[in-house]
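Asker: Sequence:
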Amino acid sequence: MMICVMSIFDLTANPGHSELINEAMACDASLALPALIESCLEVFNGIETIVDVGGGNGTTLGLLVKACPWIVRGINFDLPHVVSVAEENDRVENVGGDMFDCIPKADAAIIKWVLHDWGDEECIRILKKCNEAIPEDKGKVIILEAVIEEDEIKDELTDVRLMLDMVMMAHTSTGKERTLKEWGYVLGEAGFSRHTVTPINAVQSVIQAFP
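Going by the working numbering, 278 is the number at position 122 of the sequence shown; the sequence numbering is gapless.
Any given hint might turn out to be false.
As the list claims (entries may be wrong) - DEER-style ranges, computed between Cβ atoms:
(1) K337 <-> S195: 22 to 30 Å
(2) D254 <-> L197: 24 to 32 Å
(3) D276 <-> V228: 32 to 40 Å
(4) D254 <-> F366: 18 to 26 Å
(5) A191 <-> W226: 31 to 39 Å
(6) E305 <-> G252: 31 to 39 Å
As the list claims (entries may be wrong) - No farther apart than 27 Å at their CA atoms in a straight line, the calculated lysine-lysine pairs in the DSS-like style are these:
(7) K261 <-> K294
(8) K294 <-> K284
(9) K337 <-> K285
(10) K337 <-> K294
(11) K294 <-> K222
(12) K261 <-> K285
(13) K284 <-> K261
(14) K337 <-> K284
(15) K222 <-> K261
If you're looking for bench data, these hints aren't it; they were derived computationally from the structure. The C-beta atom is built at its ideal place from N, Cα and C for all residues, glycine as well.
My request is simple: use the sequences and hints to build the entire structure.
Answerer: Rendered as structure tokens:
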């Protein structure tokens with residue numbers, strides 16, 4: 157008997173499945189972005205151009221450019237079949253491509269709920285491409301991902317993060333949620349010199365990584 161193992165990404169070739177995944181990501185963006193904007197809008201100070209890596213239908217950048225009028229251009233970057241049905245916005249350009257090959261250049265990159273879909277090797281490859289896309293002197297990568305607590309200090313979302321870790325194991329080949337130490341490892345291997353982690357009122361934390 158032959159067993160065929162498929163990940164959730166194998167299903168995106170089907171337009172119906174792809175639409176469902178993009179809608180789910182958009183729903184999450186409508187929760188996470190307001191929490192980010194309310195808690196630490198200053199993260200985006202001085203940024204005039206920003207690329208959203210794996211930005212789906214553009215919901216994240218749509219919310220972001222509305223909250224940050226100084227951002228003059230957003231680049232919604234995802235697979236060609238994804239951005240072909242993305243939202244239209246005067247300040248957001250939809251660009252199709254592969255994040256493992258090349259990411260459009262901008263002052264900063266934002267990547268939300270993407271890295272947990274991949275194991276460390278692929279995660280480092282993506283982060284290296286993000287690093288290449290930003291200026292060495294003043295660029296940064298803004299990561300919205302869960303950080304698994306290793307100590308006994310817990311909040312009301314701790315169990316949700318652990319549950320998501322199990323979801324990643326079930327629905328991806330190598331994906332996982334990461335601890336603070338694990339985030340430090342992949343960021344270091346990707347060539348970032350330093351990073352900060354800021355909790356917000358959401359499952360995700362805001363990780364800022366600097367070249």
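Asker: Just pull the numbers of the violated hints for me, sorted ascending.
Answerer: 5
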